[in-house]
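> This is what each chain is made of:
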Amino acid sequence: MEILGLYNYWVFGALLMIGFFALIARQNLVKKLLGLSIFQSAVFLLYISLAKVEGGTAPIILDPTAAEIFSNPLPQVLILTAIVVGISTTALGLAIVVRIREAYDTIEDDEIRRLDRRS
Amino acid sequence: MYIVASLAIVMTMCLALTRALLGPTVYDRVLAVNMFGTKTVLLLAVVAFLNGRTDFLDLALAYALINFIGVLAVLVFFQSSRERAAGKPGEQR
Amino acid sequence: MAIVLDALSWAMLVGGALFVLIGGIGALRMPDFFTRMHASSLTDSLGPMLVLGGLALQSGWSLETVKVLAILLFLLITGPTATYALGHAASVAGLKGGTREYRASDPREPRA
Amino acid sequence: MIVVFSLFLLSLLVVTAIAIVRSENLFSAVMLSGIFSLLMALNFFILDAADVALTEAAVGAGVSTVLLLGALALTPTEERRRKRERKVAATLVTVTMIFLAISYASFDQPRIGDPDAPVHRHVAPWYLEQTPELIDIPNVVTAVLGSFRGYDTLGEVYVVLTAGIGVLFLLSAGRPGLLPHRREPRIESSLKSHLIPHVVGRVLIPFIVLFGLYVQFHGEYGPGGGFQAGAIIAAGIILFALLEGEGAALKVLPPRVLVGLAIGGALLYLLVGVACMLLGGNFLDYSVLAADPVTGQQIGIILIELGVGLAVTGTLLSIFHAFAAREQ
Amino acid sequence: MSLEAHIPALPVIVPLLAAPIAAYLRPRHLAWAAATLASIASFAIAVLLALATRDGSIHRYAMGGWPAPFGIELAIDSLGALVLLIITGASTLAIIAGRETIERDIEPHRQPLFYAAWLMVVAGLAGIAITGDAFNVFVFMEISSLATYVVIAAGSDRQALTAVFKYLIMGTIGATFYLIGVGFVYMMTGTLNFADMQARLADIPYVAPVHLAAAFIIVGLALKAAVFPLHAWLPNAYAHAPHAVTAFIAACSTKVTILVLLRFDFVVFMGNIAEHATQFALFVMPLALLGILFGSGVAIFETNVKRLLGYSSIAQLGYILLGASFVDRAGLLASVLHIFNHALAKGALFLAIVALGHHLTRFEIRDLHGIGRRMPWTLGAFSIAALSLVGVPGTAGFISKWYLIVAAFGQGSLGLVLVGVIVASSLMAVVYLWRILEPAWFAAADPVAAGAADDKRVGEAPVGVLAVVLLAAALNVWFGLVPAFPLELAGHAADELLRHVP
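Residue numbers (my numbering), protein chains in the order written: chain R, 2 to 120; chain H, 271 to 363; chain D, 5 to 116; chain A, 10 to 337; chain X, 13 to 514.
Everything labelled a hint here was simulated from the structure, so no lab data went into it. Backbone N, C-alpha and C define an ideal beta-carbon position, used for all residues, glycine too. Accuracy of the hints is not assured; some may be wrong.
Claimed, not checked - Here are the computed lysine to any residue pairs in the SDA-like style, where the Cα-Cα straight-line distance is at most 20 Å: (1) X/Lys178 / R/Ala26; (2) A/Lys96 / X/Ala62; (3) D/Lys100 / H/Gly293; (4) A/Lys96 / R/Thr58; (5) A/Lys96 / R/Asp111; (6) X/Lys178 / A/Thr84; (7) A/Lys96 / A/Arg31; (8) X/Lys178 / R/Leu5; (9) X/Lys178 / A/Val97; (10) X/Lys178 / R/Ser120; (11) A/Lys260 / A/Ile308; (12) X/Lys178 / A/Glu88; (13) D/Lys100 / H/Arg352; (14) X/Lys178 / R/Asp110; (15) A/Lys260 / A/Thr304; (16) X/Lys178 / R/Asp117; (17) D/Lys100 / D/Tyr88.
As the list claims (entries may be wrong) - Reference excerpt, derived from the structure (chain A facing chain D, CB under 8 Å, subset only): (18) Leu83; (19) Gly186; (20) His203; (21) Ile205; (22) Val209.
In isolation and in its complexed conformation, chain R is listed as follows (with noise of 0.2 Å):
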């Protein structure tokens, strides 16, 4: 059965492909902040699925003498951190589009380049 094995690096494909995608087509700002959210997302996906052993559980080892089979605890501390490094971009990003907002009253990417060209 090969496509169990590998259906989690194709999805993590086409995630980071649509937020990709979502990035650099789309010309609303906010919108743009969604697919970097999304784009970000794919990155967990591929790291927690490297972390997943077949028949193991979440690593919290509650009697270390019984021989149980737990999953990988390092890919899931780095997207611990991975998360919170996500929501901390967007909080920025979204900060930068309201005071965009403020300047320019519009959050359309062709919009701003067409009046800081004018000024």
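Please arrange chains H, D, A and X on chain R, whose structure you already have, making use of the hints.
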């Protein structure tokens, strides 16, 4: 036995998602989000029992709480932006 | 005794799953917003009651039961409140429910 | 059986992502991104990552939806429809090319879940064996997060602090103070009239904050920890702000206290590290904090998790209030 | 407790300690003082570290006391020490020189936050320079990027906001690409430590994911370092940021990313992927050459002085990559040396702009007409830095251009073409710098165009700022005449990078 319940819940989440995608008005989408959140809580509880790792139930409680706050936040912000857009004299800031 | 408990919890689980599914279908098939909300919010309380009740029976007298019942209590408090707030907001915003809409146009397609 | 679920939920993810990109109304896009985060959290839970599922739910579904809404309240909520989308064709070509490259490379990669992939062979077994001996706490993820890779988490707290400082800096331009006290809160007017959510909300807030503290100090034994607790407590106080209006919320936690919380949390983390240096160990080596190294590690992890919780709570609340205060 | 043993960890801890304190201090002069003190302290530590790594030794420091592959390990080699020196030096000079302009541009209640964000940039960049762990680089890259967005957005005009938003989008895409690359390498090797990664990457059966990882990492870091085709965010970000911020960032922020690119490519990939050396050369050399010609070419036609220097930075970055793409000791030596010398030259140029900023609001070339008569010392320093940028003998720029040309000759027949490009772009540099200097010195000053209120108010810059600007110019000349110190560090850095290349 848990399989049946979790299958049904996943099906409902799929239906809720289609409602969220189709929903003509914003309130339909809020309804879909609310349904989705409750079903996630249920699915979490059932899967926790399915895997036998029942110490993850407080995750389900966190989801329920976050979902409630999310729905209320959407209503409040949507209401205030409608008021601002409509420029009702009553609540004019 | 255990078999009775298992059978009962199995019945509650399947019943809960059924109601949840009905709620989902209702939310999708109903013609306009308020009827959709009616369908989904009702099952939002009944479904968890049955499903979580079934789970509580499964785990007998233990910490898990307390946790499951805590989740159930929380869902029963917040579910209806969220639905009320949603319904109130929708009606304040002027979303028309009711039967008047279907007289003229095709019953399945609401005018709103 | 669970594998079928994971395939199904992953495809739902892709559907939701496409819906977010395609939707014109930004409000519905924000709500769909709320669903997207919940789906992400579910996928993490099915892939046996309980801590990450809790973080994604608390941070992704809860706080980021509120922040997006706060920003949307200040910006137009409808994406402008264009006659012809520019650069769509070119982007689609590059996008499909990169996607094919990733899928092509995936055939050489280890299958999901196969136990003898290099990832599970090298560093992970050491963590799983050594945590019961060296740190003796059940949750290995918190042990790795707090102690083995504590320097990463220190960097993480400072990322959150930088975001908080940045948002406060940007949104306090042209205003009297950092978080100017609002004369008459905007949000209060809209929820005051809702009696039932108002009462229910007020009843629930203490339990939410209590649950946040439970998650904070339960981090060693089950899924939980500083980030999740900070997000949950911040969500609880944001609920209070929604019900009572930010004016009341700012009276409960005035701006100086919020900024102080954020800075105090980050400094607490750093000073624990510096204390370890002064007591003779390396930076962030908690075993020198107490006579017996294992208790030292546990004291260290509890302290830094507290620092993380304070920093995240203070920062998320100041960001929320900064957006709300920008309303005038 | 001997502090000396903990020196490797201090360059990050000091700014991290000072940043929250600076944010909380209400009086803004105190916040500035805290930021300056922290900057000076970390500069002193950087000097100590540079002296310690002068003999080519690598100082390792296990964070949290855990051994290397399991815990995070700091590995400070001469390359890291050199870049650390640039970061802390540029930050100290820029923050001392920039106080008045920051005081004028930013409202008082926001300045403590500004200085806190400034210190976060220093801490983030220092964290990247000294860490030996791939994921740790990502975390500190995020700290420095977020803080850089904040300090650039402090610019007075509204175009700073759009420039910062574009920088945020492209910077986050770059950082996420880097994270994907690290994820793929972690998938194949199971470790995140550079040295450990290098050891384990040799015996992996599958090749496709490693190529993909190399592609993601190179593209991601090229995006963050504004390498030629992906440089769109740099000119606007430099042009619209506050002058002091541009002086600091222009000197060091892109160079730190180049350090990570060199470290990843030469240490981790070069030894393990078959003929990665030729791949690296074939991929990077054309980009570097195009970058040099494009950067210098556009700079000639640019009217805004700061954006002009931004395009010249892209060209100089091309030099650094050109040297690295030779994949031999001479090339790498020239490349690392140019990291140091370009930081000196570009830093001095922007510091002079900070001094000019006291009396000029706009920085079109027209505004600099006849400024030489009113601010002779500042423009003198500007001219010396310009000479160093061009690479006139006796200045720091000449040393690295000279070593680059020697390395280029080492490339055989291709060398002639390379030397031709280097000389051509140096001539272009003369052209675009002369376009600024000639009217500045000799043209008649028309106060209306210069936006200066009236003649008598426009005097020399304040003494403190002038001292810093002259010191920067003097450094250019000093390291032009006595290049022993950076040469030695660059030599050891080149040896360290090439140690793993077959």
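> Taking the hints in turn, state whether each one holds.
Tested hints:
1. X/Lys178 / R/Ala26: Distance of about 14 Å is within 20 Å: holds.
2. A/Lys96 / X/Ala62: This hinted pair is violated, its Cα atoms lying about 48 Å apart.
3. D/Lys100 / H/Gly293: holds, 15 Å
4. A/Lys96 / R/Thr58: This hinted pair is violated, its Cα atoms lying about 45 Å apart.
5. A/Lys96 / R/Asp111: holds, 12 Å
6. X/Lys178 / A/Thr84: holds, 18 Å
7. A/Lys96 / A/Arg31: Cα-Cα ~16 Å, so holds.
8. X/Lys178 / R/Leu5: violated, 39 Å
9. X/Lys178 / A/Val97: Holds. Lysine 178 of chain X to valine 97 of chain A sits at ~19 Å (cutoff 20 Å).
10. X/Lys178 / R/Ser120: Distance of about 19 Å is within 20 Å: holds.
11. A/Lys260 / A/Ile308: The hint is violated at about 33 Å.
12. X/Lys178 / A/Glu88: holds, 19 Å
13. D/Lys100 / H/Arg352: At roughly 17 Å apart (the allowed maximum being 20 Å), arginine 352 of chain H and lysine 100 of chain D satisfy the hint.
14. X/Lys178 / R/Asp110: Distance of about 10 Å is within 20 Å: holds.
15. A/Lys260 / A/Thr304: violated, 39 Å
16. X/Lys178 / R/Asp117: holds, 14 Å
17. D/Lys100 / D/Tyr88: OK: lysine 100 of chain D and tyrosine 88 of chain D at ~16 Å, within 20 Å.
18. Leu83: Not OK, violated: leucine 83 of chain A not within 8 Å of chain D, min 20 Å.
19. Gly186: Result: violated, 33 Å to nearest chain D Cβ.
20. His203: holds, 6 Å
21. Ile205: holds, 5 Å
22. Val209: holds, 4 Å
Against the hints set out earlier in the document, violations occur for numbers 2, 4, 8, 11, 15, 18 and 19.
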